[in-house]
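Participant: Take these sequences, add in the hints, and give me the full structure.
For the record, the sequence lines run as chains A and B. Numbered as in my numbering, the first sequence ends at 665 without a single skipped number. Numbered as in my numbering, the second sequence ends at 128 without a single skipped number.
Be aware that one or more of the hints could be misleading.
As the list claims (entries may be wrong) - Derived lysine-lysine pairs resembling DSSO-like cross-links, with alpha carbons at most 27 Å apart:
| hint | chain 1 | residue 1 | chain 2 | residue 2 |
| --- | --- | --- | --- | --- |
| 1 | A | K469 | B | K5 |
| 2 | B | K60 | A | K531 |
| 3 | A | K493 | B | K60 |
| 4 | A | K321 | B | K60 |
| 5 | A | K469 | B | K6 |
| 6 | A | K384 | A | K300 |
| 7 | A | K472 | B | K3 |
| 8 | A | K540 | B | K60 |
| 9 | B | K60 | A | K538 |
| 10 | B | K60 | A | K573 |
| 11 | A | K623 | B | K69 |
| 12 | B | K3 | A | K452 |
| 13 | A | K623 | A | K493 |
| 14 | A | K452 | B | K120 |
| 15 | A | K623 | B | K100 |
| 16 | B | K60 | A | K576 |
| 17 | A | K623 | B | K93 |
| 18 | A | K472 | B | K5 |
| 19 | B | K120 | A | K471 |
| 20 | A | K576 | B | K69 |
| 21 | A | K469 | B | K126 |
| 22 | B | K3 | A | K471 |
| 23 | B | K39 | A | K452 |
| 24 | A | K471 | B | K122 |
| 25 | B | K93 | A | K434 |
| 26 | A | K573 | A | K652 |
| 27 | B | K39 | A | K623 |
| 28 | B | K3 | A | K469 |
| 29 | B | K39 | A | K573 |
| 30 | A | K469 | B | K122 |
| 31 | A | K537 | B | K60 |
Stated by the list, open to error - Among chain B residues calculated to face chain A with C-beta under 8 Å, some are:
| hint | residue |
| --- | --- |
| 32 | D13 |
| 33 | P14 |
| 34 | L16 |
| 35 | A19 |
| 36 | I22 |
| 37 | E23 |
| 38 | I82 |
| 39 | N86 |
| 40 | S88 |
Calculated from the structure, these hints are not laboratory results. Where is the CB? At the ideal position from N, CA and C, for every residue including glycine.
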Amino acid sequence: MSLSSIEGSKKSELSLLNYELNRAQAIAKIGSWSWDSIKGKITWSKELYHIYGLDHRLPAPDYLNHLKLYSLESRKILDRAVKIAIKDGKPYQVQLQLFNISNGIKWVIGNGEVVRNSKGKVVGQRGTIQDITKQKNLEDKILHSSALIESLLDSTPDIIFFKNLNGVYLGCNTSFAEFIGKTKDKIIGKTDHDLFSMEIADTFRKYDKAVLKLNKPNHNEEWITYPDGRKILIDTLKTPYYGPNKEKIGILGISRDITEHKKLEYEVNNNLKQQKFLAEISVELNQYASFDVVLNDVLKKLAIFTNASRSYIFEDSIDGKSTSNTYEYCAKGVKPQIDNLKNIKYTFIPAFLKGFEEDGIIQSNDVSKMSKDLRAILEPQGIKSILLLPLFIGSRRLGFFGLDITEKNRDWKIDEIHLLKIISNSVSSIYARKEVDSIKSEFISVASHQLKTPLAGIKWMSNLLLDGKIKKTIDQQNEYIKDINYSNERMIKLVSNLLYVSSIESGYKFKIVKKKNNIAKIVDQILLYNKQLSGNKKIKIIESESISKKLILNIDGNKIRQVIDNLITNAIKYSKENGIIEIDCGYKKGEIVFKIKDNGIGIPKEQQNKIFEKFYRADNATKNDPMGTGLGLYITKLMVEAHGGKLWFESKENKGATFYFSLPI
Amino acid sequence: MDKPKKIIVIEDDPILSKALNIELAGNGFDVVSSENGEKGLCVVLAEHPDLILLDLVMPKMDGMTMLEKLRENTWGRTVPVIILTNLSSADEKRNKDITKLEPTYYFMKTEIRLEELVEKIKEKLKML
Numbered sequence: 001m002s003l004s005s006i007e008g009s010k011k012s013e014l015s016l017l018n019y020e021l022n023r024a025q026a027i028a029k030i031g032s033w034s035w036d037s038i039k040g041k042i043t044w045s046k047e048l049y050h051i052y053g054l055d056h057r058l059p060a061p062d063y064l065n066h067l068k069l070y071s072l073e074s075r076k077i078l079d080r081a082v083k084i085a086i087k088d089g090k091p092y093q094v095q096l097q098l099f100n101i102s103n104g105i106k107w108v109i110g111n112g113e114v115v116r117n118s119k120g121k122v123v124g125q126r127g128t129i130q131d132i133t134k135q136k137n138l139e140d141k142i143l144h145s146s147a148l149i150e151s152l153l154d155s156t157p158d159i160i161f162f163k164n165l166n167g168v169y170l171g172c173n174t175s176f177a178e179f180i181g182k183t184k185d186k187i188i189g190k191t192d193h194d195l196f197s198m199e200i201a202d203t204f205r206k207y208d209k210a211v212l213k214l215n216k217p218n219h220n221e222e223w224i225t226y227p228d229g230r231k232i233l234i235d236t237l238k239t240p241y242y243g244p245n246k247e248k249i250g251i252l253g254i255s256r257d258i259t260e261h262k263k264l265e266y267e268v269n270n271n272l273k274q275q276k277f278l279a280e281i282s283v284e285l286n287q288y289a290s291f292d293v294v295l296n297d298v299l300k301k302l303a304i305f306t307n308a309s310r311s312y313i314f315e316d317s318i319d320g321k322s323t324s325n326t327y328e329y330c331a332k333g334v335k336p337q338i339d340n341l342k343n344i345k346y347t348f349i350p351a352f353l354k355g356f357e358e359d360g361i362i363q364s365n366d367v368s369k370m371s372k373d374l375r376a377i378l379e380p381q382g383i384k385s386i387l388l389l390p391l392f393i394g395s396r397r398l399g400f401f402g403l404d405i406t407e408k409n410r411d412w413k414i415d416e417i418h419l420l421k422i423i424s425n426s427v428s429s430i431y432a433r434k435e436v437d438s439i440k441s442e443f444i445s446v447a448s449h450q451l452k453t454p455l456a457g458i459k460w461m462s463n464l465l466l467d468g469k470i471k472k473t474i475d476q477q478n479e480y481i482k483d484i485n486y487s488n489e490r491m492i493k494l495v496s497n498l499l500y501v502s503s504i505e506s507g508y509k510f511k512i513v514k515k516k517n518n519i520a521k522i523v524d525q526i527l528l529y530n531k532q533l534s535g536n537k538k539i540k541i542i543e544s545e546s547i548s549k550k551l552i553l554n555i556d557g558n559k560i561r562q563v564i565d566n567l568i569t570n571a572i573k574y575s576k577e578n579g580i581i582e583i584d585c586g587y588k589k590g591e592i593v594f595k596i597k598d599n600g601i602g603i604p605k606e607q608q609n610k611i612f613e614k615f616y617r618a619d620n621a622t623k624n625d626p627m628g629t630g631l632g633l634y635i636t637k638l639m640v641e642a643h644g645g646k647l648w649f650e651s652k653e654n655k656g657a658t659f660y661f662s663l664p665i
Numbered sequence: 001m002d003k004p005k006k007i008i009v010i011e012d013d014p015i016l017s018k019a020l021n022i023e024l025a026g027n028g029f030d031v032v033s034s035e036n037g038e039k040g041l042c043v044v045l046a047e048h049p050d051l052i053l054l055d056l057v058m059p060k061m062d063g064m065t066m067l068e069k070l071r072e073n074t075w076g077r078t079v080p081v082i083i084l085t086n087l088s089s090a091d092e093k094r095n096k097d098i099t100k101l102e103p104t105y106y107f108m109k110t111e112i113r114l115e116e117l118v119e120k121i122k123e124k125l126k127m128l
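Facilitator: Written as structure tokens, this is what we have:
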């Protein structure tokens, strides 16, 4: 083999080596360079040209020119690294960014080191440049997407966490961190036993294991408390999660605060239940059963619906000074109290009246914290929580309506109170209906009795007149006829009163026909008619001079006769024996005022505001005259008012009453 | 001639009381009147009449109360009492209460003529 052929083969060997090196560099995207500082020669591999996007047939640029291929920031980084390497003699590695119009942006890793000769003197540098643009882009993408996932997890109000199979937290979102009250880094790596109480942690762990064993997602609802004491209801979905090879890695949990949702759901459900209940009660109240049956049924339904131990009604006495338990329902095992709670004087329980007046309601979840007077009556009954509402007809209190809880303390919910208000109104209204019914039936019985008395008078007096067996003088016969006439007048008065009321009920208004009338004449006639009645009681009637003077007024004579007659008859009826009645009149500011005064039984104070009501009769009036209709004053007032006048009175029980009426002149 | 039978009329309406008085006196009875239950009870217990005519609706003391008290008295337990009223007999509770007090009759004033009443009294007192 010739020298030249050896050289040639060596050459071809070298070029093969060079070729393979180039290929390897191209595959690895690594270019290399060297700088001989003695010869001042820079050598670049072919791949390096390729990475920089330069033509490899050109000479390699010097250090400063080559720096221009980098971004400004990277130039500084590289220059600093090179200088340090020269100074310290240590190799460097930096990540750099390339800018090239034809190549765009590239990321490279630059490695470099100082080259020394055998004596240790620096004779140059060498290094590699690796194109990592692809990896770098991928890495960026991964970073970007994990940041996206993290922000996503953090942006949801739901609590998200993941643990490994041993229950160690691998990650969580900020909601979870907030729930725990610690930062994420203090949570990751910990277990439930580090973060929660033993009891809660055990429950969580047990639940986790169950989910892992079942190998499918599972829901769970539970109440939890925040570190700040806030209580919420959470719904947690736990599910096993898997690695790329479908291997179970751990458990993933998503918890959602469903407190508001549950509350709403509860409210909607409750509303529906309440509506259904109210509908039932309203059917109950309107059915044609007896009052007692209806009330007992309503109390029972209410106690069952509200889960109360007792439900009951108290009715006040007529004077409103005391109250009695009249209806009661007790749940199973609760001791009835109805027989122990009769005629309780309000003076013993002032807080009741005060409570009803101030708030219109008395409620307590803890009776032991109520005022002394209330505790004294409620605690012996074993009541722990109580709710009371007054019952009213108009402004008149009938009594109250209540619920007791005996087994434990209980808060009254707003919707419960609202419900009870509605029912107490309904109960009040059936009381009102009962009163109207009893007034009506009482009226019918009184009216028929009233009508029959003068009818019997006419019948019996005519019997006497016609009875041939009983002898009578002409005077006696005349007397009987007068009695018949009187009874007849009484009937006419009564019938016209009844007709007045019935026509007023159907909207009729009095027609006033005014004529000149002599008042003294009217009064004398009335006194004559009532002579027998007043005579029996030995009542003295004093007419003032102003009456007996010939007083002529422009009035509807029939109506004013009825007014004066009603007032005088009342005065006689409610006078005691040997009583005195004064009748007087006088002018005052363009009016004439009449006064009828007696010293009889008077009107009880608490009933004074009711005596002009239709059919109403004061207690002592009923006792004194059992068969009045309760229409006289009602009609009298309407007649005076139809004249443009007024009717009023002053009275004290057992001292008498003075009625006044005025007529405009 | 026999001593006249004594009847006490307890009635608050003056005209009705008067009519009963005249009719009974005209039929030879000895009649005493009283205008309410309270007075009537005193008179009855003092006079021990042969029969009592009793109204129900009266002031001070009504007829029912008076009759209850009368029946508590040894003498009063058996004396014949005729109730004369205008209260309708539709009230079942009242009817029961009245029955317990054993009146001889219960008459509606508007439904009975005076002659009829006298006849019933005479029948009861075995005067016919």
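Participant: Evaluate each hint against the coordinates.
Facilitator: The hints, checked one at a time:
1. A:K469 x B:K5: Given pair K469 of chain A, K5 of chain B holds - Cα atoms ~19 Å apart, limit 27 Å.
2. B:K60 x A:K531: Judged against 27 Å, a Cα distance of about 22 Å means the pair holds.
3. A:K493 x B:K60: holds (25 Å)
4. A:K321 x B:K60: holds (25 Å)
5. A:K469 x B:K6: With Cα atoms ~20 Å apart, K469 of chain A and K6 of chain B stay inside 27 Å; holds.
6. A:K384 x A:K300: Holds: K384 of chain A and K300 of chain A sit about 20 Å apart, inside 27 Å.
7. A:K472 x B:K3: holds (24 Å)
8. A:K540 x B:K60: holds (22 Å)
9. B:K60 x A:K538: Judged against 27 Å, a Cα distance of about 18 Å means the pair holds.
10. B:K60 x A:K573: holds (13 Å)
11. A:K623 x B:K69: Holds - the C-alpha atoms of K69 of chain B and K623 of chain A are around 18 Å apart, at most 27 Å.
12. B:K3 x A:K452: violated (35 Å)
13. A:K623 x A:K493: Given pair K623 of chain A, K493 of chain A holds - Cα atoms ~23 Å apart, limit 27 Å.
14. A:K452 x B:K120: The hint holds at about 22 Å.
15. A:K623 x B:K100: holds (24 Å)
16. B:K60 x A:K576: Holds, at roughly 12 Å.
17. A:K623 x B:K93: holds (21 Å)
18. A:K472 x B:K5: holds (22 Å)
19. B:K120 x A:K471: holds (21 Å)
20. A:K576 x B:K69: holds (25 Å)
21. A:K469 x B:K126: Holds: K469 of chain A and K126 of chain B sit about 21 Å apart, inside 27 Å.
22. B:K3 x A:K471: This hinted pair holds, its Cα atoms lying about 22 Å apart.
23. B:K39 x A:K452: Cα-Cα ~24 Å, so holds.
24. A:K471 x B:K122: Distance of about 20 Å is within 27 Å: holds.
25. B:K93 x A:K434: holds (19 Å)
26. A:K573 x A:K652: holds (16 Å)
27. B:K39 x A:K623: Holds: K39 of chain B and K623 of chain A sit about 15 Å apart, inside 27 Å.
28. B:K3 x A:K469: holds (21 Å)
29. B:K39 x A:K573: Satisfied, since the Cα-Cα distance of roughly 18 Å is no more than 27 Å.
30. A:K469 x B:K122: This hinted pair holds, its Cα atoms lying about 16 Å apart.
31. A:K537 x B:K60: holds (14 Å)
32. D13: holds (6 Å)
33. P14: This hint holds: P14 of chain B lies near chain A, its Cβ roughly 6 Å from the closest one there, short of 8 Å.
34. L16: Result: holds, 6 Å to nearest chain A Cβ.
35. A19: holds (4 Å)
36. I22: Check passed: Cβ of I22 of chain B comes within 6 Å of chain A, closer than 8 Å.
37. E23: Constraint on E23 of chain B satisfied, holds at 6 Å.
38. I82: The hint is violated - I82 of chain B has no Cβ within 8 Å of chain A, the shortest such distance being about 15 Å.
39. N86: holds (4 Å)
40. S88: holds (7 Å)
Hints 12 and 38, counting from the list given before, are not met by this structure.
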